[in-house]
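Chemist: So the chains spell out like this:
Number of protein chains: 2
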Amino acid sequence: GNDTSATAAAARQSILTKPLGSLGRLEEIAIWLARWQGRAIPRLDRVHVLVFAGSHGVTAQGVSAFPAEVTAQMVQNFARGGAAINQLARQTGAKLVVKSLEIEKPTADFTQAPAMTADELLEAVNAGINSVQDEADLVCLGEMGIGNTTAAAALAAALFGGTARDWVGRGTGVDDAGFSRKVEVVDRALAHHAKALADPLEALRRVGGRELAAMFGAALASRKRRIPLMLDGFVCTAAAAVLARLAQGGLAHAMTGHVSAEAGHRKLVDCLGQRPLLDLGMRLGEASGACLAVDILRGAIACHSGMATFTEAGIAEG
Amino acid sequence: GNDTSATAAAARQSILTKPLGSLGRLEEIAIWLARWQGRAIPRLDRVHVLVFAGSHGVTAQGVSAFPAEVTAQMVQNFARGGAAINQLARQTGAKLVVKSLEIEKPTADFTQAPAMTADELLEAVNAGINSVQDEADLVCLGEMGIGNTTAAAALAAALFGGTARDWVGRGTGVDDAGFSRKVEVVDRALAHHAKALADPLEALRRVGGRELAAMFGAALASRKRRIPLMLDGFVCTAAAAVLARLAQGGLAHAMTGHVSAEAGHRKLVDCLGQRPLLDLGMRLGEASGACLAVDILRGAIACHSGMATFTEAGIAEG
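Going line by line, the protein sequences match chains F and P. Okay, so the first sequence: first residue is 19 according to the UniProt record's numbering, each after it adds one. Okay, so the second sequence: first residue is 19 according to the UniProt record's numbering, each after it adds one.
I should point out that these hints are in silico values taken from the structure, not numbers from a laboratory. Errors might be hidden in some of the hints.
Examples of chain P residues lying across from chain F (beta carbon under 10 Å, computed) [unchecked claim]:
id : residue
1  : K36
2  : I59
3  : G299
4  : G307
Everything numeric in this text was worked out from a predicted model, so none of it was measured. No residue lacks a Cβ here, since even glycine has one placed at the ideal position from N, Cα and C.
All chains, full assembly: derive it from the sequences and hints.
Modeler: Below, the structure is given as structure tokens:
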């Protein structure tokens, strides 16, 4: 990040007509955006919402409330403008890009084999990298993929330890029997791949999925290009966490838009030292929480750029 | 509220292309707006942000970090468009109306006398009532008034019990000595008016202030006219709480936009059974937190009105 821009933004916050600190995290947001955009007065003219879709062989184990074909049906829904993220992106003036990652070809069932080959992993990571455009003022990340909270739970356990019980949630709303299967499936996967999970990228290959790999790639690319990044819920954060485990400060350019109702997300953001901006009980994915948080950023920038200073307004300071 | 509209909105939420409940509080918001607008598909075309300003005699006791003349200076700043609320209202497309309530004439120092006469109370309440326009789809309430967190703390104690320590915070950022004075001042006021505080309106008259009375009036008028109401921080919520204490369900039409960093606010919203939408460490007043939460409502309405149903999209239900 750019210290000079961040310092200038902080200095500006201290002379605006409000008690210092009284805008709370709106001040922090303005300074964070300044740091990663390299602009004392940041802008959000081009917000890119990247949603990656993938299919998961592990759905054969009966881990989801929805059938696997819903992934393709939802990709169609995105294309036609009918999903939540279409509405939220339009509402906040963001550009939505949906990338479908070979959804007709599910990953391998990772209870029995690595989810992806090395080539498949690389291809998905590259798809993520190539989705990040230099012109973006902010990138929001999200996903769609029936079965992917199972993959995210396994990946989170691989990255931060613990067993399935620590990370598995209800996903789209699996019933008690399905939840028990999901826990058992994740523990079985962790046992199967136990010797290979210490390497974050290898964990991503073995128990992740194409859309998780792509989100990791997009997180990496935005870090390299110093574009601020907004994370979404459990699956997105688990994918981005690979970057944090690979490099100290790997997610310094990222904020988390919301804390999901999916069980493992709160623990995951705590592991990463992330403080989500919103807590609205959402658990949809699709970058919906990240995109909704963009409005908070817009409010922060509106105040940062538009408010009068004490001197300009002729107001006594405290 | 309108049960028919709320039921229709809830039915619509259950057929939109997402797992039921996965939009969390966005679903609750859509149904709440439907109930109070009497429309199955609510709208936010006309959002009115009402900010009331008043002056407080109790500032003579040295309870604030800022001099009393800042109230008038900030009213000027509102008029010129330089304050935080100007930016936030413009950002979310809301109409900002600032009403200055005889700010050249402070209330009486309520450690020694009632803050207002009965006539003064009524005039301020009426100013609030008359600020609510039938055309509004949503009313956001807020305030400006150096010294008014002292009044709000005294009022909260009068309405919900406890001593100054339970309700007094740092306001705009008073130092330790000022904080001690503030606590002592509130306890002194509570003792002085002890026999008269059981009646919520009388408590408002004795330890409130004009902008608090006006916010109470606006909360009442929006309840009568079934216009959904968005509350802001500590001072706003304390004023609106008078309505909740006067009548069961008096604030059924209200949500709280955010929980303020001002110490007493979290306890106050708990007393009212309100669950604030945002928690961003803000403590500015001016309806800033209420106005920022409007963007969350816009997201909720965008999803509610714009998403495809399962049938429309040809998607398998879970």
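Chemist: Checking each numbered hint in turn, tell me which of them this model violates, lowest number first.
Modeler: Hint 2 contradicted; others consistent.
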